[in-house]
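The chain contents come next:
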Amino acid sequence: MSAPALLASAPSTLDVGSPVLNISIFVVFVVVTLAIVLRASKSTKTAADYYAGGRSFTGPQNGFAIAGDYLSAASFLGIAGAIAVYGYDGFLYSIGFLVAWLVALLLVAELLRNTGRFTMADVLSFRLRQRPVRMAAALATLTVCFFYLIAQMSGAGGLVALLLGIEGLAGQYAVVAVVGVIMIAYVLIGGMKGTTYVQMVKAVLLITGAVVMTVWVLARFGFSLTAVLQGAVDTSAAQGLEDPEALLGPGLRYGSSGLTLLDFGSLSLALVLGTAGLPHVLMRFYTVPSGKEARRSVVWAIWLIGIFYLLTLVLGYGAAALVGRTDILAAPGGVNSAAPLLAFELGGTVLLGLIAAVAFATILAVVAGLAITAATSFAHDVYASVLKKGTVSPDDELKVARRTVVVIGVVAILGGMAAIGQNVAFLVALAFAVAASANLPTILYSLFWRRFTTRGALWSMYGGLISTVVLIASSPVVSGRVDPVTGASTSMIRDTSIDFSWFPLENPGIVTIPLAFFLGWLGSVTSRPEPDHDAKAAQMEVRALTGAGSEKAVQH
Amino acid sequence: MPRPDPARRRPDSPGAHVPGSSTGGSTAGRAPGSTPAGPSGLATAEEIRETPEFAELRRSFRRFIFPMAALFLAWYALYVLLAALAPDFMAQRLGGSTITVGLVLGLGQFVSTFVITMVYRSWADKSFDPQATALRERIEGVA
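Those protein sequences? They're chains A and B, same order as listed.
Going letter by letter, the first sequence gives residues 147 to 702 in the numbering used here.
Going letter by letter, the second sequence gives residues 2 to 144 in the numbering used here.
Heads up, some of the hints might be wrong.
What the hints assert, rightly or not - Straight-line Cα separation of at most 30 angstroms, DSS-like style, residue types lysine-lysine; simulated pairs:
#	chain 1	residue 1	chain 2	residue 2
1	B	K127	A	K698
2	A	K438	B	K127
3	A	K191	A	K698
4	A	K188	A	K698
5	A	K191	A	K535
6	A	K545	A	K535
Think of the hints as simulated: they come from the structure by calculation, not from any bench.
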């Protein structure tokens with residue numbers, strides 16, 4: 147997720163580790179997961195199988211899969227690195243990412259599971275006019291998935307090239323292509339069931355890897371967290387950080403000017419409200435048989451994600467203590483190299499190889515989850531409901547979903563290649579901002595406000611989507627931000643003579659989220675509900691709370 | 002006008018065979034918003050919504066989740082504001098250790114998240130689910 151880290155790293159490699167060993171571990175992971183996916187494909191027949199894994203996963207299984215979907219490479223490498231380099235400010239990120247899950251648990255998961263079938267749009271269009279609302283919801287879904295996918299793919303290129311010892315742009319292109327092809331294979335063959343297993347395997351690997359490294363770090367410091375922190379301060383001081391104590395308090399990353407603080411508040415808001423609006427997270431709730439299991443899966447996910455972020459606290463400060471922030475920043479990959487360098491420091495090439503494989507598994511699982519979400523949204527919402535007005539047979543719809551997976555894979559590969567070397571870390575923050583602005587207000591309104599109308603939904607979704615994209619395009623992350631020391635551009639557009647930015651914040655959430663809530667209210671009170679509004683609202687409310695008539699698990 | 006939802010008529014849709022499984026827009030051939038009448042005699046969702054049992058279910062659900070959501074959002078907002086506006090306070094060390102106020106409050110966010118998760122889970126399992134299940138079985142005609 148959007149750690150301040152740049153996943154698109156310099157095309158250079160760490161001087162440590164053994165590429166042959168790393169590649170062997172990758173290959174083992176890919177072969178094992180493909181075998182699992184192939185097995186899962188045998189029981190994938192209907193649309194509910196393909197889109198929702200037959201709704202037959204248990205809460206704990208889905209909890210692991212949610213953690214696998216959610217903990218991207220940026221949250222493993224990015225947050226550990228951010229804590230190593232910026233100390234406390236890196237920790238702030240992980241808190242937002244965790245607390246956000248309470249929104250999903252209390253307000254969204256069960257009600258959504260009870261009312262929908264496959265996509266977010268199912269819920270939003272339940273009692274509103276089907277086609278326009280589905281179209282808007284699908285656009286928001288595809289936008290979030292697209293930005294998120296590009297960020298992950300280009301990150302994969304830089305990261306895996308770094309860990310594998312692949313030099314040059316051609317090598318990174320090859321890595322992106324390989325990631326894309328494996329992703330297509332997972333989703334095409336295994337559907338949601340296969341993807342879910344990949345995510346479960348990945349979550350187990352990631353959390354196991356983090357536990358092993360954490361215990362190792364603590365053992366080096368006599369199992370004292372205080373000693374780890376002191377080590378981080380001492381090493382940073384030795385490597386020339388002027389005020390090493392600052393690692394333990396806020397300010398190293400976000401500073402203390404009014405604008406950066408406002409930006410920090412804006413980011414915090416987008417993080418905490420964005421998670422429950424991420425379409426690939428929402429879709430996971432349909433893979434369990436009931437609302438109660440959806441609740442159990444979020445409970446499991448919260449424990450897994452929370453424990454993981456607690457571990458990254460130790461890993462981050464441990465990397466600052468054992469590797470040192472200056473060395474981390476100087477390494478290729480910068481902030482992202484903290485966890486790999488720490489692994490090498492602790493366990494040499496073998497542990498580095500294992501951690502590199504975990505990072506690779508992480509990227510694969512996340513992109514596969516995004517690809518199936520985007521394909522489902524296109525086939526189920528755009529193609530079957532909007533374009534064909536619901537006259538499509540399930541087989542045809544699945545055919546379109548599978549073709550869409552290939553198209554999305556190709557687009558993601560090309561987009562990922564184009565974005566290599568670009569500063570695209572903001573894309574993940576953008577995805578969260580879109581999710582929080584375009585999706586969450588409409589989700590909450592349709593679940594909790596009876597008077598909500600089609601116009602309210604459209605105004606809120608399009609208003610949130612357009613305002614977020616426009617404000618980001620007009621912000622310094624796209625153009626006009628210059629490093630005061632080096633004079634080089636730190637924006638996406640590297641040419642410092644081009645500057646069309648006028649919006650000062652890097653994250654627009656603090657403007658766009660309230661705006662979307664306001665538009666949803668305004669659109670609703672200025673329009674008349676449909677004639678059957680009240681009956682449908684009653685249906686939705688009864689179904690959401692009692693689960694009566696909700697989709698059942700597929701029996702094989 | 003209610004639009005017939007073709008998804009509903011799919012042979013592979015398991016929910017299609019369950020009484021009371023109509024979704025929004027699946028009301029082709031019936032009065033808008035009608036739910037197939039189960040043996041309970043509750044004909045429409047609107048009638049169900051008006052029952053005291055449903056009103057109680059809805060009230061107890063909202064009375065639990067809204068204050069809880071307000072609580073954790075306020076606590077998170079307080080934490081973010083403290084980090085932004087009172088960095089010196091957050092950077093204070095506790096005793097002679099390297100643990101700062103900010104770290105303790107940050108870990109407090111983890112603890113509160115875990116606690117709210119478990120409190121909600123136990124409330125939902127013990128208090129909410131039995132009510133919801135009883136009502137669902139009545140609607141679907143199982144009981």
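Quick rundown of the hints versus the structure:
Note on B:K127 and A:K698: the hinted pairing holds, with a Cα-Cα distance of about 23 angstroms set against a maximum of 30 angstroms. Using a Cα cut-off of 30 angstroms, the hinted pair A:K438 and B:K127 holds, with the two alpha carbons roughly 12 angstroms apart. A C-alpha spacing of about 16 angstroms is found between A:K191 and A:K698, which places the hinted pair at or below 30 angstroms, so the restraint holds. For the suggested pair A:K188 and A:K698, the alpha carbons sit about 20 angstroms apart, so the restraint of at most 30 angstroms is met.
Between A:K191 and A:K535 the CA atoms are separated by roughly 23 angstroms; this keeps the pair inside 30 angstroms, and the hint holds. Restraint check for A:K545 and A:K535: satisfied, since their Cα atoms lie roughly 17 angstroms apart, inside the 30 angstroms limit.
Going down the numbered hints, you'll see the structure goes against none, and every one checks out.
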